[in-house]
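If you're matching them up, the sequences are chains A, B and C in order. Residue numbering for the first sequence follows the numbering used here, starting at 1 and increasing by one per position. Residue numbering for the second sequence follows the numbering used here, starting at 1001 and increasing by one per position. Residue numbering for the third sequence follows the numbering used here, starting at 2001 and increasing by one per position.
I should point out that these hints are in silico values taken from the structure, not numbers from a laboratory. Incorrect hints may have been included.
Mimicking EDC-like on lysine to aspartate or glutamate, the simulated pairs with C-alpha atoms at most 16 Å apart in a straight line are [unchecked claim]:
id: 1; chain 1: C; residue 1: LYS2335; chain 2: B; residue 2: ASP1318
id: 2; chain 1: B; residue 1: LYS1453; chain 2: B; residue 2: ASP1502
id: 3; chain 1: B; residue 1: LYS1742; chain 2: C; residue 2: GLU2058
id: 4; chain 1: B; residue 1: LYS1332; chain 2: B; residue 2: ASP1396
id: 5; chain 1: B; residue 1: LYS1234; chain 2: B; residue 2: ASP1222
id: 6; chain 1: B; residue 1: LYS1085; chain 2: B; residue 2: ASP1318
id: 7; chain 1: C; residue 1: LYS2335; chain 2: B; residue 2: ASP1205
id: 8; chain 1: B; residue 1: LYS1639; chain 2: A; residue 2: GLU135
id: 9; chain 1: B; residue 1: LYS1076; chain 2: B; residue 2: GLU1060
id: 10; chain 1: B; residue 1: LYS1234; chain 2: B; residue 2: ASP1205
id: 11; chain 1: C; residue 1: LYS2335; chain 2: A; residue 2: ASP94
id: 12; chain 1: C; residue 1: LYS2335; chain 2: B; residue 2: ASP1688
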Amino acid sequence: MDTPRAQSGLPTSSLILDINGIAQTVEVHPWTTLLDLLRSELELTGTKKGCDHGQCGACTVLIDGERINSCLKLAVTLDGAEITTIEGLGTPGDMHPLQRAFVEHDAFQCGYCTPGQICSAVGLINEGHAQGRDEIRELMSGNLCRCGAYTNIADAIEEVLSAQAGTPQREAAE
Amino acid sequence: MLNQSKTVGLPVSRIDGPLKVTGQARYAAEHFGPGMLYGHVVSATIATGRIRAIHTAAAEHFPGVVKIYTHDNRPKTAYRDSRWKDAVALPGHPFRPLENDRVLFDGQPVAFVVAESPEAARDAAGLVQIEYLSEEPHTDIVAQRHESYEPPVPRMKQFMPPPPRGDAEAAFAAAAHRVSADYVLSGEHHNPMELFASTVLLGTDGALTIHDKTQGSQNSCDYICGVFSLDPGKVVVKNSFVGGAFGQALRPKHQLFFAVMASLDLNRSMKVEMTRQDMFYLTWRPSCIQTVSLAADAEGHLQAVMHHAVHATSRHEDYQENVANWSGLAYKCENVKISYEIAKLDLATPGDMRAPGAATGMTALEAAMDELAYAAGIDPLELRIRNFVHRDQNQDKAITSKALHACYREGAARFGWAERSAAPRSMREGDDLVGWGMAGGIWEAMMSKGEAKVRLSVDGSVTVSAAASDIGTGTYTILGQLAAEAFDCPVDAVSVEIGASDLPKTGVEGGSWTAATTGSAVQAAAKAVIKTLLTHAQSMENSPLKEAKVQQVEIAEGRLVLESNHQIGVSMVDILEAAGLEAIEEHAKVGPDMLTMMRYASYSHSAVFVEVKVDEELGIVRVTRVVSAIGAGRILNPKTARSQILGGIVMGIGMALHEEGMIDHRTGRIMNHNLAEYHVPAHADIRDIEVIFVEEDDDMASPIGVKGLGEIGIVGVAAAVSNAVFHATGKRIRTLPITVDKILQSEAV
Amino acid sequence: MKPFSYTRAESVRDAVAALMANPQAQLLAGGTNLIDLIKYDVAEPEAVIDINRLPLKEIVELPDGGLRIGALVSNSAVAYDPRVKQHFPLLSSAILAGASPQLRNAATTGGNLLQRTRCYYFYDPASPCNKRDPGSGCPAIGGLNRIHAILGASDACIAVHPSDMCVALAALDATVEVEGPDGAREIGFADFHRLPGDGPDRDNTLRRGEIVTGVRLEANHFAGHHTYLKLRDRLSYAFALVSVAAAVQVADGRFVEVRVALGGVAHKPWRDPLAEAEFAGAPAGEETFIRLADRLLAGAEGRGHNDFKIPLAHRAIVRALRQAVSGHPQDQTVKAIQ
């Protein structure tokens, strides 16, 4: 790949990642985080950088189905992993139930923390530890929202959680 | 036209929502172009002094580094201060990055590294070594309060205290009930979730397209054209999506300067994204110390109000906000003395943060009102009702509308305030002390000058455009609603074009004036389109609208019709086709009505009720319930409006309980410059919040009857929390935030 | 960030050899702390050795009813493991009190043990710090020390260990299993982390080249009587100001055994087994709780901003003992303190 990364003379490794269902070969430095890989190299900017230190949750993606802060994951460690970002959950014309619920409940304002909130909520539902509002609040606390949409986010997740109760959960990468 | 409300006033979901929830909305750092370079800022690690030397050799040799800028090699920029002053600049000298060897504040940008990749720029920046000659910093507002001064050049006339009324000191001394105390607010940091960023895309002809995190694309555009002497016709600044700002992005930030500087110098496209740490060295809500003295007669009627405020500013600029004047207009009182000063600290220039001034000053006033209620033995809500005032006594003007009684009544009813037992520590639940507190809020309802364009096409689609910004406020949606209402079409038939400097002139998005201003401009432009339609309709043969006046027509179901009889009219398509037009486009300008402004003042109001539970033994506070009743004129969209208020409340809870920039005053450096140690409320901190919009008709505040919602939600919240903590614990904590250490270390009264 | 080389260890032996080959090498597991530190230029390894593919991902039941938790088992996996929840609910609770679900999904058992302090000055490379840069000084003394130590500190360092999980492991008398150039050995939990003394750059007693391979828990009688009580500045996603892990065994209204470990107060999870032993046989009631708290905090020393931690810790100990004795451990979801 004729990228600045490869040209710089600094060490790189090649790896294969399955990103939103598509296997891709990428070239990374040892220190390239998954977040930087997604946002700069792959131009998948739906995943956000809010702090770059695991302190805000805006960069949350699903790695092999688990919600993870992508800013603290070195891409090079993920060879062979399946990664689902917000772009892989739905599109404006075909939204994931959580995406629809977020719109309906106005569960965001500026929208910057939103992809992380939604990916985190997908993880939360997959984990199956949240039954009610107290659990939603506690288990979504790794996603800060400075616009203060928390109550609406809880409403949106609660709606999807109760709709899915008893029915098989939609796969993250679907 | 707007009374029928098929769209306006309904809880329409955000029209930009699907883009945001699917990750398709692109923010300032999320644009790409060929040959992009990346920049990283090196920040000073002293608060005041000089740079003795900068060693860049190691960084320059780092693979991928293109150039390193310091004050020794910065390209030439404008000389005069006036060229550096943006539209909302302050009295004083605007900061010029890399101007000289002087360090004015911790975190000041002192070098700028450009490289072929963002990682290379960042990693090389870590290799830049700087030697400083450090001087003794002064960063503590409490220690510097005696060095304060009245701003020699007011930022705004209305920020200066009104002349004293009556004799506040004498009335205070003679009154039956008196309270007087100091209230201290720590410096706060906006911390919008999006990092400040600018992407400069270089066009083939030297034109620049710049994606900037800003609350005003035209302000950023004018600024860089001034600083770099650029042809404004060759620069477009875009801010289609802004990941929160809360006032921090009103003024252009140094990443914009650096991105443009390097792009011009190197003739390459550039991207510069700040770190979270960098964002603690920008615009912040100034630390402030206030003395509020209130006195009342035996029945609780205010006899004297005195409010003295001193807040921080920087060495180079005189930041000012209206902290104390609210005390002269919130309640009826004949004896008022307000004073306001600022003090220079070795910190970055503070700036507007959500409800600047009011959030700080009303917190002190409303805490003092609670203290007075207890001193006088009167219910805190009742005390406020007894001192209700219908006039702005500061300016001696009538008020356009004030539904504050309704806020009190409806908020109290929903909260259950009547069930409150007055004595502190008298309500309990298990190990928790329960506290109920309330406070009032005010914010000025402002409208500024603004323009908009509306285009009606032959296919029935409508396009609205203005250089407004949507910083999460819902601007896209309400503008779409207003146009849909005017043309009786669905909201999704309207495309809203905002967030670019080449659109019709609009001020920065701040002060809660966007809805009133741009909304009114859209309405005016829509009316102009209808007028033009009518003119064309009347030149049609046998037009049924021949005699109609513009006030008598409206659009209904695709036809221009008589308001009084929808049977009489002409289809819009027929009108356009008859006129041989593809579309009609009209442009409108609006501004505040000067005659109204001379006679009236206009404010939004709130009453906020808070329940806290405080573990008696451990002093841990939880806000368990909030009811906020808002009087803010017409609500265009109750869904997005409610979100604005929720956001204000959450930030107010942060102000009350969490937020504090911690400065080591020995070095003048902010030490908790991250989101792990600068706490903003998390999900778990926020429980039930109820928002009530009370009925308030106001056709004077703005042509569309709105007063703005961005600020009023936060005003009073911190006071209500602190009053609730007092009610729960009997402890008056006058230094925010109210953290567990303060609760444990203070005595119940 | 300083560039580093990357290698993937295929075996524990590989990892040990790589550490021995380069004193500037560091092991990478979940990365939630190391990558954070590298980005702040606090950690500057020349070589990063990825141990994520080592076979240390199992939780194994031991014949005596205990568990062996592999060093690479994620914090989430430990917290939600049915065996941990049943037999070591204190550990599960402490883990769920820490960080966020995303961080717990990534963070590992071994990594949690090796977390570094959240001291502001440690995290700021422009500040002196004896832990980061030995001999440079400790600005937290006389500076911003609201979050700092009240027990076991030294004139060189007043930082605290930030882990929640480790406080529970201290109370449970866990054993840390390590492997190094000289083979495998075990370290009692109390001896794993160290006090700062005059060498605060060392957080623990691992020797050069050693890698944590697992944590072992012995069966105990505390499953019904324990709690993890964490007090912090916001109700979730914040480090502890003070935390208490309490585990007790009560018979006939008296303590058979009482264990109290404190977090957020010292350079290591704080325990005082001698003091605990004095209370075996004491009535499991309020008066004993207070005397035990007095005893545990007898040597506590504030540095100004953190003075409040002494009364806070005292009350937290009493409260935690009340919770543990009554069999009502703190629920980490419900924010009311029980």
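Hints, verified against the model:
Only pairs whose Cα atoms come within 16 Å are accepted, and C:LYS2335 paired with B:ASP1318 is rejected, the gap being roughly 43 Å. About 12 Å separates the Cα atoms of B:LYS1453 and B:ASP1502, which keeps this hinted pair within 16 Å; it holds. A distance of roughly 45 Å separates the Cα atoms of B:LYS1742 and C:GLU2058; the hinted pair therefore is violated under the 16 Å criterion. Taking the CA atoms of B:LYS1332 and B:ASP1396, the gap is about 12 Å. The hint holds against a cut of 16 Å.
Proposed proximity of B:LYS1234 and B:ASP1222 is supported: the alpha carbons are some 12 Å apart, at most 16 Å. Between B:LYS1085 and B:ASP1318 the CA atoms are separated by roughly 13 Å; this keeps the pair inside 16 Å, and the hint holds. Among the hinted pairs, C:LYS2335 with B:ASP1205 is inconsistent with the structure: their alpha-carbon atoms are about 60 Å apart, more than 16 Å. For the hint linking B:LYS1639 to A:GLU135, the alpha-carbon distance of about 25 Å lies beyond 16 Å, and the restraint is violated.
Pair hint B:LYS1076 plus B:GLU1060 does not hold up; C-alpha atoms about 21 Å apart against a cutoff of 16 Å. Taking the CA atoms of B:LYS1234 and B:ASP1205, the gap is about 9 Å. The hint holds against a cut of 16 Å. As the CA atoms of C:LYS2335 and A:ASP94 are separated by approximately 38 Å, the hinted pair breaks the 16 Å bound. Restraint check: the Cα-Cα separation between C:LYS2335 and B:ASP1688 comes to about 14 Å, which is no more than 16 Å; the hinted pair holds.
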